[in-house]
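Each chain is listed here by its residues.
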Amino acid sequence: MPVKVLPAVSKAQNGVGAFVLQCKRLEFNYCDAAGSSRGMKCSDRLFLKHCLPQFAKQNPAIEMHVAPRPSKHPIIRGVYINGREKVICVRNLEHNQVLKKAELLRNSSGLQLRKLRNPVQSINDSVRGIFSPFHGPKHAL
Amino acid sequence: MSLPALRRLLRPSLLSYSVLSRSIIPTVATRTALLTTSAVPSSTPPPPPPVSAPSTEPTTLTSSDLNLLPLLRAQPQHYATIHIQGFPFLVTAGDQVTLPFRLKDVTVGDQLRITHVSVLGSRDYTLKGAPWIDEKLFEVRATVIEETSEPMRIKKKKKQRTRRTKTVKSKHFYTVLRVSQIDVLEQ
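As given, the protein sequences belong to chains A and B, one line each in that order. Residues in the first sequence are numbered consecutively from 1, following UniProt numbering. Residues in the second sequence are numbered consecutively from 1, following UniProt numbering.
One chain only, chain A, in its complex shape (with noise of 0.2 Å):
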């Protein structure tokens, strides 16, 4: 029998050699006749014209979007390379306050939030091993 190689897949570990922005695409969506992308000349529209450029040019590896939604409010979905999709729904925000929902969305992995339980996680075995009472010096009753 020929010696078979075991399958292994890589674990991913995001940041040890390169790092991978988690967030593919974003996409904005707003209304030309809604008040909630204020009145279309300002805000959203605003964001879109004079703010998004900025951005898209400092997050080169995000894929934009940008597309009427009609009658519905305006969003910005987040799209991640786990599959998860992120949307949060900018309603009557001012302009400054749509590029923090858009830069959170850009920091953010596509993982669910969670409470914080332990803070570091790690796949490596202990350094200094598991406790064995067969090894170190003897003790003295």
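It is worth saying that the hints were derived from the structure and are not from the lab. Misleading hints may appear alongside valid ones.
[What the hints assert, rightly or not] Chain A regions said to be covered by chain B (calculated; three or more residues, Cβ under 8 Å): (1) 76-88; (2) 107-119.
[To be verified] If you anchor each label on the Cβ, the simulated ranges turn out as follows: (3) GLU85/A <-> GLU139/B: 36 to 42 Å; (4) GLN112/A <-> ALA74/B: 39 to 45 Å; (5) PRO88/B <-> ARG91/A: 40 to 46 Å.
Computed from a predicted structure; not experimentally measured. Cβ coordinates follow ideal geometry from the N, Cα and C atoms, glycine included.
Keeping the supplied structure of chain A fixed, place chain B upon it in accordance with the hints.
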């Protein structure tokens, strides 16, 4: 009565070096002591650790520490207790650290060089700083991979026989780091 070299690898509490009894207060004192915690008894016991008053001068290793540092460096795996804004985290290379706060003035993708390390160890050797280890001895780098938050927590406060209920919401921000390398540097 056993030699210090025979002390158990995994029972640091048995070590009665005076460095361990010193409280960890962030002072400028950085006198380090390299402890040999090998399970194999050596022929001569290691010298007693240096006990000195806190000084503002940079750390100097004793000759015995300098002799043991290559042995620490030669070991395959290392761990470090890094301190970020006072919070200690025991990490190895490749670990993900979720800080319970948002780290200021960093963006996602930034590389950080950790400066405050109090313990640098391997399987058989441990280097303890008092309170920090000299930065020339190690290189610990981390990458900021995410800025996220906890889910919204809602706390309701209500007293007995009163209809009023107070609602307090909180949603703290977290910064997530990935420790990319822990190296003991050659001296």
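For each hint, the structure was consulted:
no.	hint	in the structure
1	76-88	violated (count 0)
2	107-119	holds (count 9)
3	GLU85/A <-> GLU139/B: 36 to 42 Å	39 Å, holds
4	GLN112/A <-> ALA74/B: 39 to 45 Å	43 Å, holds
5	PRO88/B <-> ARG91/A: 40 to 46 Å	43 Å, holds
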